[in-house]
Amino acid sequence: FCRAMRGFGASFLGRSAQRSPQDEEALQGTEPESAGAAPSSSGNGSDAMGRAATEESSSALSSRVTAKAVDVAQDAVKMARQAVSDPGGFSADVMGATQDMADAVRSWLEILVKRQAQLAVDRVVAKIPGVAKDMLEDDDMPRCVSRGKDRIVDSLWPDIREELLWEVALRIDGVAEDGVVVQGRVDCIRAFLRYHLFPFDKGFWGQLRDPVWIILKLISLVPIAGVSPMFFFLVFVLIDKSDEYQLIQFILGFKGTSFLSLGIIRAITGMVLLVQCNTAPADPSEHNCEISGPGNQDGFWPTIVGFVLQVVLIWIAFLLLPCASEKGRRRLKGHIDFEHTGMVSSGGYLRYLLSYDLLAALLCVAAVIFVITTRPDPWVIDWPVEHAVFAAQIVYGLLSMPFFLFTLPGLKQVLTHSVTTAYDRKGRCLRPKRPAPEGRIAPKEQPVVTDSEAHDLMAAARRLIF
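Residue numbers in the sequence shown follow our numbering, run continuously in steps of one, and reach 466 at the last position.
Keep in mind that the hints were calculated from the coordinates and are not lab data. There could be a bad hint or two in this list.
Okay, the calculated beta carbon distance ranges per label pair [stated by the list, open to error]:
hint : residue 1 : residue 2 : range
1    : Met230    : Gly148    : 39 to 47 Å
2    : Glu326    : Pro409    : 14 to 22 Å
3    : Leu359    : Gly148    : 17 to 25 Å
4    : Cys323    : Asp138    : 44 to 52 Å
5    : Pro384    : Tyr356    : 23 to 31 Å
6    : Pro322    : Ile189    : 49 to 57 Å
Straight-line Cα separation of at most 27 Å, BS3-like style, residue types lysine-lysine; simulated pairs [said to hold, decoys possible]:
hint : residue 1 : residue 2
7    : Lys333    : Lys133
8    : Lys133    : Lys426
9    : Lys114    : Lys333
10   : Lys202    : Lys217
11   : Lys149    : Lys114
12   : Lys149    : Lys412
13   : Lys114    : Lys426
14   : Lys241    : Lys433
15   : Lys241    : Lys412
16   : Lys412    : Lys433
17   : Lys149    : Lys127
18   : Lys114    : Lys433
19   : Lys217    : Lys433
20   : Lys133    : Lys433
21   : Lys217    : Lys426
22   : Lys412    : Lys127
23   : Lys133    : Lys114
24   : Lys127    : Lys114
25   : Lys241    : Lys202
26   : Lys149    : Lys333
27   : Lys426    : Lys241
28   : Lys333    : Lys433
Please read these numbers as outputs of a predicted model, since none were measured by experiment. From the three backbone atoms N, C-alpha and C, an ideal C-beta is built for every residue, glycine too.
Make a model of the complete structure from these sequences and hints.
Structure, rendered in structure tokens:
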């Protein structure tokens, strides 16, 4: 009997979702004879539909319902005979039907709870821009500054909102799966360097305990011309260039390191060398800056090669972004919807930064060319030209500060919309997996609606109906 009723319910629900045109006309009153009837109020809509239905369509609908009722009665008789002949099998069918209904109720409730939670979070997140503007507002602030502040908040908010809601969607409806592993073999040397440069199971403080990581980072900060660009050329050869995050991390890491090595560290060393060659001898008529001044020991051509290599490598990495994939991106189960509101192109706002970087590089090159043209023999590279190249490197490194800001935690994800990936000990690219602290047990993921809650809801529904 339960099976027959369940079949009748499923058939009725499916039939209500896929009615024939005759049924729609019968239920909605859209026959030609009732086309001129005045629309009724919402309070007596059912009476209006009954009056508008024609006698022929009503009889056809009644005959179909009667036929379905006869079929249900016949199925009920068969189920009753089966219950008499095989009570054990009938009980098993009833238990199976009850469990199926409980699973269906639980699935429906889970979707409902997830969507309501997403809507609640969305309403709260929508209030953040106004709160941020009010917190940054000052009565003594000039109006032009206030308007600029509001424009910055409005322009950055879609990207911030997308990252916040995406994290919420993953918490609510994310598919729990292992990291995406790159297919293919990786040789032992690349696997060793990949893991120690970007380990998937260590955070910042864990990397500080790795002597190999410390040595590699110190090499990248060497301010001698050509050392840092050659190091990052090695990194470019090592990384997985089919992953979007690895290319973005290479660009931001290269330029962020340039701000430290070519900008800050090289400016300090240049000041020390200038004092040593000019001020330290304390002789107003003599100096040895043409021998030991800033840029004299580096060499002109190694410095130029490193400069060109830096610009070329970051643009090659950027041009490879459209061909890369997000190997660390998790998927949703499909119970909730997610809308992209920020920058959807590969790399996010990185293209604007690279255009700015190219303009800065051209200005620095133009300054060096101008100094060369002022020399008596432009084809001879003398010490004033070497000093100019050294100064141009410092300016170019300091102009890389926006890239350094992109490397700060949080800003990289918001402005590039990239998903973090790293490497395991075999050199495979996958999603990071941070180890749980010692002595702390990671909580198990609990279902949104449990079986007991679904059965309780079914019991309450039966009490209301019967």
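Hints broken by the structure, by number, lowest first?
-> 6, 7, 8, 11, 13, 20, 23, 26
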